[in-house]
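Residue numbers (the numbering used here), protein chains in the order written: chain W, 1 to 343; chain H, 1001 to 1220.
Hint data in this document are derived by calculation from the structure and do not stem from the laboratory. Bear in mind the structure is a predicted one, so any value in this text is a computation, not a measurement. Incorrect hints may have been included.
Derived pair list, reagent style BS3-like, types lysine-lysine, alpha-carbon separation capped at 27 Å [as the list claims (entries may be wrong)]:
1) W:K74 - H:K1114
2) H:K1044 - W:K17
3) W:K133 - W:K189
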Amino acid sequence: MIKIKELSKVYLTPSQKITALDNVSLTVEKGEIFGIIGLSGAGKSTLIRCINMLEKPTMGSIVVDGQEITSLAKRELRTARQKIGMIFQHFNLLSSRTVFANVMFPLEIAKVPRPEAARRARELLELVGLADKEGAFPSQLSGGQKQRVGIARALANGPKLLLSDEATSALDPQTTRSILKLLRDINRKFNLTILLITHDMNVIKEICDRVAVIDNSHIVEVGEVLKVFASPSSPTARSFVNTVISREVPAELLHRSQVQNEQTHVKLIRVSFIGPSAGAPVISSMIRQFDIEANILYGNVDRIKDTPFGNLALELIGPPGVLQESMDYLRSRGLEIEVLNNA
Amino acid sequence: MLDAWLLDKLLFATWETIYMVLTSTVLSYLFGLPLGVILVITAKGHIMERIGINRVLGWVINATRSVPFIIFLILLIPLTRLIAGTYIGTVASIVPLTLAAIPFVARMVETSLKEIEWGLIEAALSMGASTWTIISQVLLPEAKPSLILGVAITTINLVGYSAMAGIVGGGGLGTLAYYYGYQRYENSIMWATVIVLIILVQGVQMLGDNLAGKVAKKRR
Ligand SMILES: Nc1ncnc2c1ncn2[C@@H]1O[C@H](COP(=O)(O)OP(=O)(O)OP(=O)(O)O)[C@@H](O)[C@H]1O
Ligand SMILES: [Mg+2]
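Take the sequences, apply the hints, and build the full model.
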C-alpha cells in the first residue's frame, strides 16, 4: 500500500540545516495497522506528513497504492489526497461547522452530490457512535467525541489509507482505548490500511500488526509487533518495550557470582515466549529432563493484541555443560533465551 | 438652542455621514478583504506562498497607512476629481475615505485570518481542498467573529475620518460643526454634532460586539 524508498527530508532554517529524515525506506502492506514509534523530534510527524505531501520530501520516492505521490501535479495531488484520510492529535475540526457539516466537508471537496453526501455523513456518524450529536458544534464535544468526528471525516471519501498523527496523545487512557478499538474495527470492516505514529508503546501493543522504530531520523528496527516485544534488537526499541512490560532484572541479581565452584555454575537467563504454547510447561519439562536447579526470579504474562506473551527471568544452577544443554533445549522448543549475567 | 431649522440641518448632516461611512466601509471591504486574504496566503509557508507579491503588497500598505489622513485627502484631490467629477461634497468624500480605509482593512483582515490555527488549514489540505475552498470554507468562516469586530472598528475609524473630510468640504457632521460651530461660534451645534458622533460610534461598536458575540456563541 505504501512503498517509501530512500526518503530524506531536510529543513532549511535561516540558522541551520535540520535533517529530519535520513534515507528512510519502509513498506506498509495493504490492510495492516502499521505503527511508527519514536521519541520527540525523531522525525515521526515529518515522515507521516510526507506521505500526503503536507511536507515536501527533499529526496526519495513514496508510492501510495501504485501511485508515485512525490511527482504529482497540484490537481492530481488534491485528487489523491481525497483517498488518503488523516486524523490529528488536536482533531482540527472546524469550529464554524456542526459535527454533521464537518463530516460533509471532505464530501463537498470531492463534489459528491448533496443527498448522497448527507446519507454517507449520517452513516459514518452512526459508525463512530455519534448519530445523536450531528447538530452539535465541536466545542460542545469531549476529546474522544471530537476524535470520533475526526475519524468519520477522514473516512468520508472511502480512503484506502488512513494516516494518524498522534491521534490519541491528547486523550486519557480509557478514551484512548476506545478510540484504538474503533480504529481496529474500521481496519477490519473496510480492510483499511492504517499508518499511525505515536510515542506510546501501549498504542503499538494494543492495535498494531507491525511496528517501525524511528530514532534520530533513522529507522532502527522494523518488525512484527510480537517479535519486537519479544526480542527488541535496538536499544531504542528495548527501552520502548520496557515502558510497557518490565523486562529488566534487578541489578543486584546481575552481580551475583556466576561460579559457585568448579562443578556448579549459575546462569541468569531471560526467557521470552509468544503464543498459547506458553513457557511454563516447557520449563518444567526441562527441569525434569536435566539435573539442574531452576528458580523463577520474576515473570509476567501479558497480551499483545490477542496473543499471550510472557517474560521470565530464571536462575539456573548446575554443571556448565548441563546448563548449556538445557538452554539449547529451551531454544529448540521455540523460546527466546538471553543470558543476562554473561561476563 | 436648536431651532427646527438647525435640527433639520443636523438630521441631514447625520444622514450624510452615515451614507458616506457606510458606502466607504462597503467599498473598502470590497477591495481590502481580498487584499487581506492575499496578504495572508502569499506569506511564507502559507497555501499560496509568493514572497515577492507579499513583500510589495505589505510595503504599499504600510506606505499608504503612514500618510496622515488629512494630507492623504489633499494628495488625492486630483484623483477624486477624476472619479467623482468634483472634490467637495458627500459623494466626492467617499473616494479618499475608501482609499484610506483599504490598507487598514487589509491589515485588520490579515490579523483576523492569522489567528486561525494552522492545523485547520492542514486538515483541509489533507482532504484535498483547493486554495479557494480553504479561503471560503476555512479561513473566512473560522475568522467570522473576529472579522465582524474588524468591520466595527473600521466603521468607527471612518466616522472619525469622515468628520475630518467634512472640514475640507466633504459634507456631513464635520462640515456642519465647522461652519456653524467653528466659524459662527454656535456652540450648541458643535456639541450636538459631538453627541451624535458619540451615539454613532457607540451604536456601531454595540452592533459589532453583538453580532460577533452571537456568531461565537452559536459555536460554543
Ligand atoms: N517546519 C520545520 N522547520 C524546521 N525544522 C522542523 C520543522 N518541522 C520539524 N522540524 C524538525 O525536524 C525534526 C523532526 O521533527 P518531527 O516533528 O518530525 O518530530 P516528531 O518525531 O514528530 O516529534 P514529536 O513527538 O515531538 O511530535 C525535529 O528536529 C524538528 O525540530
Ligand atoms: Mg510529531
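So, going through the hints one by one against the coordinates:
Between W:K74 and H:K1114, the direct Cα distance comes to roughly 24 Å. Compliance with the 27 Å bound is thereby established for this hinted pair. The straight-line distance between the Cα atoms of H:K1044 and W:K17 is roughly 18 Å, inside the 27 Å bound, and the hint therefore holds. Taking the CA atoms of W:K133 and W:K189, the gap is about 23 Å. The hint holds against a cut of 27 Å.
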